[in-house]
Amino acid sequence: MIDSVGLLVTLLAVATLAGLDLVSVVQSLLSRPVVVGTIAGWVLGDIGVGLRVGVVLEFFALDVVPVGSSRYPDFGAATVAAVLYSVGLPDGSGIGAAAAFGLGWALVAGATLPVTRRLNARVVRTYASRLAAGDSRAVVAVHWTCLGHDAVRSFVVAAFALGLALLLRELPPVPSDLANILNVIVLAGAGWAIAHGAVASARTGPRWRWAVAGLGAGAVVVAIR
Amino acid sequence: MPIVVARVDDRLVHGQVVIGWCRPLKINRILLVDDAVAASEFEQELYRMAVPEGIGLDVVSTGEAPEHLDRLAALADRTLVITATVAAMIALQQARPRLLQNLNLGGIHDGTDRRERLRYIYLTAAEAEALAAVERTGVSISAQDLPTTRPVPLEDLL
Amino acid sequence: MNSALRSTLRLLVVQASWTYERLQGVGVAFASLPLLEELEQDPERHRAAVGRATEYFNAHPYLAGVAVGASAKAELTGVPGATVQRLKTALAGPLGALGDQLFWIGAVPLVMAVIVGAVSLGGGAPSVAVGVGCYFVIRCAVTVWGLRLGLRSGLGVARALTDSGLQQITHRVGLVAGFAVATAIPLAARWDPMGLGRGGTVALLLGVGAGAVAALVRQRVPSSRWVTLVAVGGYLLWHWSTG
Numbered sequence: 008m009i010d011s012v013g014l015l016v017t018l019l020a021v022a023t024l025a026g027l028d029l030v031s032v033v034q035s036l037l038s039r040p041v042v043v044g045t046i047a048g049w050v051l052g053d054i055g056v057g058l059r060v061g062v063v064l065e066f067f068a069l070d071v072v073p074v075g076s077s078r079y080p081d082f083g084a085a086t087v088a089a090v091l092y093s094v095g096l097p098d099g100s101g102i103g104a105a106a107a108f109g110l111g112w113a114l115v116a117g118a119t120l121p122v123t124r125r126l127n128a129r130v131v132r133t134y135a136s137r138l139a140a141g142d143s144r145a146v147v148a149v150h151w152t153c154l155g156h157d158a159v160r161s162f163v164v165a166a167f168a169l170g171l172a173l174l175l176r177e178l179p180p181v182p183s184d185l186a187n188i189l190n191v192i193v194l195a196g197a198g199w200a201i202a203h204g205a206v207a208s209a210r211t212g213p214r215w216r217w218a219v220a221g222l223g224a225g226a227v228v229v230a231i232r
Numbered sequence: 025m026p027i028v029v030a031r032v033d034d035r036l037v038h039g040q041v042v043i044g045w046c047r048p049l050k051i052n053r054i055l056l057v058d059d060a061v062a063a064s065e066f067e068q069e070l071y072r073m074a075v076p077e078g079i080g081l082d083v084v085s086t087g088e089a090p091e092h093l094d095r096l097a098a099l100a101d102r103t104l105v106i107t108a109t110v111a112a113m114i115a116l117q118q119a120r121p122r123l124l125q126n127l128n129l130g131g132i133h134d135g136t137d138r139r140e141r142l143r144y145i146y147l148t149a150a151e152a153e154a155l156a157a158v159e160r161t162g163v164s165i166s167a168q169d170l171p172t173t174r175p176v177p178l179e180d181l182l
Numbered sequence: 025m026n027s028a029l030r031s032t033l034r035l036l037v038v039q040a041s042w043t044y045e046r047l048q049g050v051g052v053a054f055a056s057l058p059l060l061e062e063l064e065q066d067p068e069r070h071r072a073a074v075g076r077a078t079e080y081f082n083a084h085p086y087l088a089g090v091a092v093g094a095s096a097k098a099e100l101t102g103v104p105g106a107t108v109q110r111l112k113t114a115l116a117g118p119l120g121a122l123g124d125q126l127f128w129i130g131a132v133p134l135v136m137a138v139i140v141g142a143v144s145l146g147g148g149a150p151s152v153a154v155g156v157g158c159y160f161v162i163r164c165a166v167t168v169w170g171l172r173l174g175l176r177s178g179l180g181v182a183r184a185l186t187d188s189g190l191q192q193i194t195h196r197v198g199l200v201a202g203f204a205v206a207t208a209i210p211l212a213a214r215w216d217p218m219g220l221g222r223g224g225t226v227a228l229l230l231g232v233g234a235g236a237v238a239a240l241v242r243q244r245v246p247s248s249r250w251v252t253l254v255a256v257g258g259y260l261l262w263h264w265s266t267g
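Protein chains in written order, with the numbering used here: chain A, 8 to 232; chain B, 25 to 182; chain C, 25 to 267.
Here chain A stands alone, though its shape is the one from the complex (with noise of 0.2 Å):
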């Protein structure tokens, strides 16, 4: 069923929007691996998957504070390629495997950001002087040309991360036991991602006693249940 043309049109078309999601348009939760990465599962037909992609790549997202200039990965197409490659795989079998492949992909296509940056400063130097003079259609010229740009990288990223899950897919599927290491070893490194996002971000004061409560209740709902 992943032959549907249709099908993979939608995913494109998801993945390409996460992109957007992630600096120029809105800037929602689209672009977060556990949202993108469920609407990619329903879109083919196992939400199951996409769910499981999400929240392994999700935490790996939550180590990440993307505070001024600095740079960050773009997890929106990665995660779509994730689950695209997955599905269909024997019951978790891939999700180590996938997940890893997210992983990379969301850094390559974090160090596409700097590329349109550096083509949005163009821009606006060629319009430097009729910005300085306030004229309006500058602004708007410049504003939706680099808007464009932001489009063009999101489609790029997402049609090569897409073209990559569908290779790797042609792959003979990866031996279960090297599929098993492959899950711990990425189930651990998520493990560390969140751990070390929260600790971060608990180093004021107050923060550690609610960490550390946070910590306490979820062991207490998985002690009961």
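In short, the hints are calculated from the structure, not lab data. These numbers were taken from a predicted model, which means no experiment stands behind them. Ideal Cβ placement from N, Cα and C applies to all residues, glycine included. Among the hints, erroneous ones may be present.
Said to hold, decoys possible - Derived contacts from chain A toward chain C, CB cut-off under 7 Å, selection only:
# : residue
1 : Val191
2 : Ala207
3 : Gly225
Said to hold, decoys possible - Simulated pairs of lysine to any residue, SDA-like, Cα-Cα distance not exceeding 25 Å:
#  : chain 1 : residue 1 : chain 2 : residue 2
4  : B       : Lys50     : C       : Arg244
5  : B       : Lys50     : C       : Ile193
6  : B       : Lys50     : B       : Arg120
7  : B       : Lys50     : C       : Ser247
8  : B       : Lys50     : C       : Val197
9  : B       : Lys50     : C       : Gly233
10 : B       : Lys50     : B       : Val176
11 : B       : Lys50     : B       : Ile79
12 : B       : Lys50     : B       : Leu99
13 : B       : Lys50     : B       : Asp82
14 : B       : Lys50     : C       : Met25
15 : B       : Lys50     : A       : Val71
16 : B       : Lys50     : B       : Pro26
17 : B       : Lys50     : C       : Leu240
18 : B       : Lys50     : B       : Arg102
19 : B       : Lys50     : B       : Thr172
20 : B       : Lys50     : B       : Glu69
21 : B       : Lys50     : C       : His195
22 : B       : Lys50     : B       : Leu123
23 : B       : Lys50     : C       : Gln192
24 : B       : Lys50     : A       : Arg78
25 : B       : Lys50     : C       : Gln191
26 : B       : Lys50     : B       : Pro175
27 : B       : Lys50     : C       : Pro246
28 : B       : Lys50     : A       : Arg216
29 : B       : Lys50     : C       : Arg242
30 : B       : Lys50     : B       : Arg72
31 : B       : Lys50     : C       : Val200
Given chain A, put chains B and C in place with the hints provided.
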């Protein structure tokens, strides 16, 4: 070591400073040195808003800054000093060389005659020269936007 | 469509023209244009105001509207240009610091942790939809609120922001976010997304321990993304080289 960071950042107190520097380095006082802000009530009110609970904010003019720095140096507080311009930071450093042995360039952006040195550092030729002269007196100067990124030594910016 | 509504819609794409020199500068001008149209009878004043609006600016994107509104009100009431520039400069820091704390390390991790927790407890796709829906409403409401607050208060925006209680909310959201992220850890460990059974729980908790210790001991830790990719790559190399 009461003066933990001395930073030049034209955005003054903002997210990178509060979240990036104050939290992990346990800063509990920010000294903002800027003549225009010191003279403007509404600007001070705004910067005060940016500072989270548990961190004090002192706003002084460049003239008052050296003596204020002496008072802070005597306290147990961990202080971050911030100026908007290279010139203001160099003036303060010259006035109290012993208290300011490390300067951090955190964000100096677009303007006339500025050349890009890093994505977040645009310096005029005069500023670059002045910073180099200060460094020759034994002060260490580097550009670093966040504590988690690698500091770039001044010589790589010249 | 009235000018405030058009400005609000434009604020949803305020970061599209982000550059390292001006950051949100051009985007702020783009969002300000509908509000500055009133000045068009006086082309010179209009051009001066638009030109100022394009200059360097950076804040949290959701709160940029506060600055757009306040500076537009200042321009419309004839405040001197230099004062408008200083207002924007002074607004950028607090709006950035507050917004980053309230959203990037507050509401976003909070909502994501609640979603992860709900999914782990079997909430499935509906819990994702509810979380995303709630967040989207808040995100849009903040932009509407911010622009209106700015437009209403102009140079008095500092007082208006202080009175709004935003600082107190920010502090509390941060605490709750810390709680929620920590709660999600044991829940997700129990859920076992990889289907590994007890081994999966142990692997996740070992990772949590190692990450926490690394973050506590050292200021600059290699990112969790690189650590994981290097571990995966290293294992694959070893696996294939030993046949």
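Proposed proximity, C/Arg244 with B/Lys50 (alpha carbon, max 25 Å): With a Cα-Cα distance of about 15 Å, the restraint between B/Lys50 and C/Arg244 holds, given a limit of 25 Å.
Satisfaction of hint between A/Arg78 and B/Lys50, Cα-Cα up to 25 Å: Holds, at about 24 Å.
25 Å Cα cutoff - pair B/Lys50, C/Met25: violated (49 Å)
Proposed proximity, A/Arg216 with B/Lys50 (alpha carbon, max 25 Å): Distance ~17 Å between B/Lys50 and A/Arg216 Cα, so the pair holds.
Pairwise hint evaluation, C/Ile193 against B/Lys50, where the allowed Cα distance is 25 Å at most: holds (22 Å)
B/Lys50 paired with B/Leu123 [C-alpha distance capped at 25 Å]: Within the cut-off at roughly 19 Å; holds.
Hint consistency between B/Lys50 and B/Val176 [alpha-carbon to alpha-carbon, up to 25 Å]: Since the Cα atoms of B/Lys50 and B/Val176 sit roughly 23 Å apart, the hinted pair holds (cutoff 25 Å).
25 Å Cα cutoff - pair B/Lys50, B/Thr172: holds (15 Å)
Pairwise hint evaluation, B/Pro26 against B/Lys50, where the allowed Cα distance is 25 Å at most: holds (11 Å)
25 Å Cα cutoff - pair B/Lys50, B/Ile79: Roughly 9 Å between the alpha carbons, so the hint for B/Lys50 and B/Ile79 holds.
Straight-line alpha-carbon gap B/Lys50 to B/Arg102, limit 25 Å: holds (7 Å)
Proposed proximity, B/Asp82 with B/Lys50 (alpha carbon, max 25 Å): Distance of about 17 Å is within 25 Å: holds.
In summary, the one numbered hint that this structure violates is 14.
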